[in-house]
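**Student:** Take the given structure of chain A and dock chains B, C and D to it, following the hints.
Chains as they are written, first to last, in the numbering used here: chain A, 17 to 305; chain B, 17 to 305; chain C, 17 to 305; chain D, 17 to 305.
Derived from the structure by calculation, the hints contain no laboratory data.
You may find that some hints are simply not true.
Unchecked claim - Heads up, simulated SDA-like pairs for lysine to any residue below, C-alpha to C-alpha not over 25 angstroms straight-line:
#	chain 1	residue 1	chain 2	residue 2
1	D	K106	D	M78
2	C	K128	A	W127
3	D	K63	C	E268
4	B	K106	B	C138
5	C	K115	C	I196
6	D	K128	B	W127
7	D	K224	C	V60
8	A	K106	D	P107
9	C	K128	A	E151
10	B	K115	B	S266
Here is how the chains run, residue by residue.
There are 4 protein chains.
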Amino acid sequence: MKIDSTHLRLVGSCPDQVGIIARVATFIADHGGNITASNQYEDVRSKTFFMRYGIELLDTEMSASEFATTFRSLADELQMDWRLTDLAQKPRIVLFVSKFDHCLAYLLHRWKGGDLRFDIPCVISNHETLRELVEWYGIPFHHVPVPKESKAKQAAFEKTGELIEQAKPDTIVLARYMQIFPAWLCRKYRHNVINIHHSFLPSFIGAKPYHQADERGVKLIGATCHYVTENLDAGPIIEQDVVRVRHSDSIEDMMRQGKDVENTVLARGLRYHLEDRVLVHGNKTILFS
Amino acid sequence: MKIDSTHLRLVGSCPDQVGIIARVATFIADHGGNITASNQYEDVRSKTFFMRYGIELLDTEMSASEFATTFRSLADELQMDWRLTDLAQKPRIVLFVSKFDHCLAYLLHRWKGGDLRFDIPCVISNHETLRELVEWYGIPFHHVPVPKESKAKQAAFEKTGELIEQAKPDTIVLARYMQIFPAWLCRKYRHNVINIHHSFLPSFIGAKPYHQADERGVKLIGATCHYVTENLDAGPIIEQDVVRVRHSDSIEDMMRQGKDVENTVLARGLRYHLEDRVLVHGNKTILFS
Amino acid sequence: MKIDSTHLRLVGSCPDQVGIIARVATFIADHGGNITASNQYEDVRSKTFFMRYGIELLDTEMSASEFATTFRSLADELQMDWRLTDLAQKPRIVLFVSKFDHCLAYLLHRWKGGDLRFDIPCVISNHETLRELVEWYGIPFHHVPVPKESKAKQAAFEKTGELIEQAKPDTIVLARYMQIFPAWLCRKYRHNVINIHHSFLPSFIGAKPYHQADERGVKLIGATCHYVTENLDAGPIIEQDVVRVRHSDSIEDMMRQGKDVENTVLARGLRYHLEDRVLVHGNKTILFS
Amino acid sequence: MKIDSTHLRLVGSCPDQVGIIARVATFIADHGGNITASNQYEDVRSKTFFMRYGIELLDTEMSASEFATTFRSLADELQMDWRLTDLAQKPRIVLFVSKFDHCLAYLLHRWKGGDLRFDIPCVISNHETLRELVEWYGIPFHHVPVPKESKAKQAAFEKTGELIEQAKPDTIVLARYMQIFPAWLCRKYRHNVINIHHSFLPSFIGAKPYHQADERGVKLIGATCHYVTENLDAGPIIEQDVVRVRHSDSIEDMMRQGKDVENTVLARGLRYHLEDRVLVHGNKTILFS
Numbered sequence: 017m018k019i020d021s022t023h024l025r026l027v028g029s030c031p032d033q034v035g036i037i038a039r040v041a042t043f044i045a046d047h048g049g050n051i052t053a054s055n056q057y058e059d060v061r062s063k064t065f066f067m068r069y070g071i072e073l074l075d076t077e078m079s080a081s082e083f084a085t086t087f088r089s090l091a092d093e094l095q096m097d098w099r100l101t102d103l104a105q106k107p108r109i110v111l112f113v114s115k116f117d118h119c120l121a122y123l124l125h126r127w128k129g130g131d132l133r134f135d136i137p138c139v140i141s142n143h144e145t146l147r148e149l150v151e152w153y154g155i156p157f158h159h160v161p162v163p164k165e166s167k168a169k170q171a172a173f174e175k176t177g178e179l180i181e182q183a184k185p186d187t188i189v190l191a192r193y194m195q196i197f198p199a200w201l202c203r204k205y206r207h208n209v210i211n212i213h214h215s216f217l218p219s220f221i222g223a224k225p226y227h228q229a230d231e232r233g234v235k236l237i238g239a240t241c242h243y244v245t246e247n248l249d250a251g252p253i254i255e256q257d258v259v260r261v262r263h264s265d266s267i268e269d270m271m272r273q274g275k276d277v278e279n280t281v282l283a284r285g286l287r288y289h290l291e292d293r294v295l296v297h298g299n300k301t302i303l304f305s
Numbered sequence: 017m018k019i020d021s022t023h024l025r026l027v028g029s030c031p032d033q034v035g036i037i038a039r040v041a042t043f044i045a046d047h048g049g050n051i052t053a054s055n056q057y058e059d060v061r062s063k064t065f066f067m068r069y070g071i072e073l074l075d076t077e078m079s080a081s082e083f084a085t086t087f088r089s090l091a092d093e094l095q096m097d098w099r100l101t102d103l104a105q106k107p108r109i110v111l112f113v114s115k116f117d118h119c120l121a122y123l124l125h126r127w128k129g130g131d132l133r134f135d136i137p138c139v140i141s142n143h144e145t146l147r148e149l150v151e152w153y154g155i156p157f158h159h160v161p162v163p164k165e166s167k168a169k170q171a172a173f174e175k176t177g178e179l180i181e182q183a184k185p186d187t188i189v190l191a192r193y194m195q196i197f198p199a200w201l202c203r204k205y206r207h208n209v210i211n212i213h214h215s216f217l218p219s220f221i222g223a224k225p226y227h228q229a230d231e232r233g234v235k236l237i238g239a240t241c242h243y244v245t246e247n248l249d250a251g252p253i254i255e256q257d258v259v260r261v262r263h264s265d266s267i268e269d270m271m272r273q274g275k276d277v278e279n280t281v282l283a284r285g286l287r288y289h290l291e292d293r294v295l296v297h298g299n300k301t302i303l304f305s
Numbered sequence: 017m018k019i020d021s022t023h024l025r026l027v028g029s030c031p032d033q034v035g036i037i038a039r040v041a042t043f044i045a046d047h048g049g050n051i052t053a054s055n056q057y058e059d060v061r062s063k064t065f066f067m068r069y070g071i072e073l074l075d076t077e078m079s080a081s082e083f084a085t086t087f088r089s090l091a092d093e094l095q096m097d098w099r100l101t102d103l104a105q106k107p108r109i110v111l112f113v114s115k116f117d118h119c120l121a122y123l124l125h126r127w128k129g130g131d132l133r134f135d136i137p138c139v140i141s142n143h144e145t146l147r148e149l150v151e152w153y154g155i156p157f158h159h160v161p162v163p164k165e166s167k168a169k170q171a172a173f174e175k176t177g178e179l180i181e182q183a184k185p186d187t188i189v190l191a192r193y194m195q196i197f198p199a200w201l202c203r204k205y206r207h208n209v210i211n212i213h214h215s216f217l218p219s220f221i222g223a224k225p226y227h228q229a230d231e232r233g234v235k236l237i238g239a240t241c242h243y244v245t246e247n248l249d250a251g252p253i254i255e256q257d258v259v260r261v262r263h264s265d266s267i268e269d270m271m272r273q274g275k276d277v278e279n280t281v282l283a284r285g286l287r288y289h290l291e292d293r294v295l296v297h298g299n300k301t302i303l304f305s
Numbered sequence: 017m018k019i020d021s022t023h024l025r026l027v028g029s030c031p032d033q034v035g036i037i038a039r040v041a042t043f044i045a046d047h048g049g050n051i052t053a054s055n056q057y058e059d060v061r062s063k064t065f066f067m068r069y070g071i072e073l074l075d076t077e078m079s080a081s082e083f084a085t086t087f088r089s090l091a092d093e094l095q096m097d098w099r100l101t102d103l104a105q106k107p108r109i110v111l112f113v114s115k116f117d118h119c120l121a122y123l124l125h126r127w128k129g130g131d132l133r134f135d136i137p138c139v140i141s142n143h144e145t146l147r148e149l150v151e152w153y154g155i156p157f158h159h160v161p162v163p164k165e166s167k168a169k170q171a172a173f174e175k176t177g178e179l180i181e182q183a184k185p186d187t188i189v190l191a192r193y194m195q196i197f198p199a200w201l202c203r204k205y206r207h208n209v210i211n212i213h214h215s216f217l218p219s220f221i222g223a224k225p226y227h228q229a230d231e232r233g234v235k236l237i238g239a240t241c242h243y244v245t246e247n248l249d250a251g252p253i254i255e256q257d258v259v260r261v262r263h264s265d266s267i268e269d270m271m272r273q274g275k276d277v278e279n280t281v282l283a284r285g286l287r288y289h290l291e292d293r294v295l296v297h298g299n300k301t302i303l304f305s
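This is chain A alone, in the form it adopts within the complex (with noise of 0.2 angstroms):
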């Protein structure tokens, strides 16, 4: 099929070495390609080069497939782990909540006025709770409690990887899943599983960060998005801020004031994310923001 013009883009890495940079654009405007963004960066420690292009197709009767297909022996010859996004494609995303509702509020608002494209099969809980919410914007939800028994709860997880598998996500969010994600399930979507952990890591992992920060006395509180894997709240860091706070907060004030940096740090991320602006590299991440 014909068309007047497609975006890609096009992201990936690969070892270092003189002229990447030439024949990978060479290679994009040879196919017709203008290139509308474009990031690179060259890591001196590991000698790995990092790119990131947006592609516009013109006039052209190559579909973005074609040009993968294309690009594939190009990218074999430089070693390249790549990936190529076709913007004409809605990402589609799986949230994950408890009984906490700011950070879904704050992305199924942003989500209905379009500040974020994205499609959402579905919205799965261990509680009830977020119920009325998720249904008022017309999407699917499931309930999967999560005993706390062992087996009860590896099948809770096998019910939950199928509700997934069903519904096909590119990326999967945690907005205040207050469970631990399994790792086969972290395995499974790696680098694709965003969650929001409630404080400036590493400082205060695992439960009740508020807790810990109003122990310790800290003057800043904060929040951290980044990519779920085995080990608990030590993933890539996509993002983090800070709010200030004050000797006389409680910690339902270190709650309240946290939910306005979690929403944005979350919604920031998963911009940045689904924007294709972030490249894990080992434990770090490659953040052309």
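**Tutor:** Coordinates of chains B, C and D only, in the frame set by chain A:
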């Protein structure tokens, strides 16, 4: 001796009860004192009252020490832990440094320009590196090497303790002093030894925090000004701040950007301390900023 | 009627003189009041005293209004401009909006979740756009179109004035209401009409501040919460904040990022106002945060 | 002369078209250049392309000037406005000051410590005040008083112009120089004269911005680093930042807190400029930070 007016600062904490402010403020007024600044905090959880008053004694024959003597009986009644500062007395500060000069240079420049008002009887260092800078400002510089061997190290800190004693400081500032301050000196000058730690505590305790920050891939780095206690980097926090870093920042870039945060956080924290704005409460601080 | 305890807030300002705190605090203690929060500020230049007290009337038969009546004579002596708030009375807030929904959605969500504690008798808008959202929260929505023609506009605001009067609000919030609030309404509800302006005032007064920011090429954009006066965007500032923008941000990107700042600055400013933390002093505010 | 490797920086802008990156990157690779850093920006509204490349010429007999000569024909084809920097050449900076010493002291300290890498042929001032500080660093100090009378002032700036010419600077920094830099000097060193203004522009243009900030009652004060043009405080902005102030801060407090912001904003802006990260686009800047 009669003087036109005496400026005092009265700081204290005591079990909370009805009428404390009334009694203290009435005492001040009855003794010809005009309250020029006032802060209180009523901690609900511990039922503790904290206060800070700036007082101008008008047309009175009462000296600061007479005021203190008279106040004692009220303070005893209220079971108050308190101190009175005569603003005519400049505080005395002993500075400790190693090789990094930025915090020292910043404090000395601000001190010479009159932005920070105190006397510096001496600077003590475990290296000769910064002697020239210190002596250019006309301040005595003591070089006390700190050997690694346990007994020699103990002797070095005994020598250090004597130098401090001779200097009669109100406050000791560790301006990037890369040695662990001995527990007995921490106790002797309890809540009067201030350290600047080059991370956002409790993240990255101990040595090489910028290396740790780089390793973890955080998106913000910070600095923390805190009171020194027997527990490394775990004392009550006075002030903190952060600055954004990027994936392209090397450890050296972080160290360079961190300098600005260290400088301003230390200067702000020290100013709060000298202006009696910091009241220690357990392992936290009340900050009347 | 006897109740267990009454919570009050006493706020005032008067010419500075010796003994004000003593007299006010003694008055409170003598009438069985426990001071649960206290702030004062002594403005040197204007020789004005400002105060804010949280008061718990313990085991007393005195009501809030009796306390007020009794306090009047002391206030008169001190030439004090003051107000007393009974915390048992929820404040009433009328919200004004146009078409932009983010500030409204943010306030309503926080209000429903209990983070902001007030009653909303109605929302008034010059457009129908946000009716559905408002009514979902069970709040009456009034549509009062504002024509451009002078007489018709005047009539519209007379109608608006009547609606406000029926709603008996303590505070009016212009949550991105894109009309100039008439001077007579500003005067009638003086220091009780709060606006959120989508720039860092005094930069970019008036319409389309994000376009102005883009035009000038600033590196930070901001938002300002202020009291509305007869002079456009020139009333006393309550709260401000900023967010960093980049050369690659379009005006739409700025508007999107600005929403977060607008939301949090308005919510913080409104909270300060409702908690009687804002005292107007000429065209500036004392902020007991 | 053959050297092991030559480090260059190539910066340019031109009308956008398909294939620019391909052609430039291919040119660099074909001439033995390894791209060590790369930034591009495609401005949609003006259809302009901006680029910055760090280049390492490996094992080549080509000098920086030969590279430039060879690049010229490609640049002409692309209608590119460009410049090439040989990193072996340290930039030369002339500093202008009046009486305030904080920005000067900060830059000199950072310069001596190696954090800022440039040569300072001289410092020029309309006052003698800072001679001692400048000469301590071994830098020539020129005192050129600037009379108020029009003809004498003109003569002073002619003298100034001669001193600059002898110093052959790449960049001129007005480090709190309290005189209006004449239009003809702005034009002569267009986009190479950097000023630090002690407000968050466009707020508080002109003299005494801290007094203006106090008068308006803002809750944040700031500083702006910008290129100097004929229009006072209206040139392209390089960097800005802010710091929170309180109602209790006097103008002197603001000035003191503002110093930190001025220092870091100027140092950051100057570093961006020296690293060729700032490309002027109309009255705005592209900032490859």
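**Student:** Determine for every hint whether it applies to the structure shown.
**Tutor:** Verification of the supplied hints:
no.	hint	verdict
1	D:K106 to D:M78	holds (20 angstroms)
2	C:K128 to A:W127	holds (20 angstroms)
3	D:K63 to C:E268	holds (18 angstroms)
4	B:K106 to B:C138	holds (15 angstroms)
5	C:K115 to C:I196	holds (15 angstroms)
6	D:K128 to B:W127	holds (20 angstroms)
7	D:K224 to C:V60	holds (21 angstroms)
8	A:K106 to D:P107	violated (49 angstroms)
9	C:K128 to A:E151	holds (17 angstroms)
10	B:K115 to B:S266	holds (21 angstroms)
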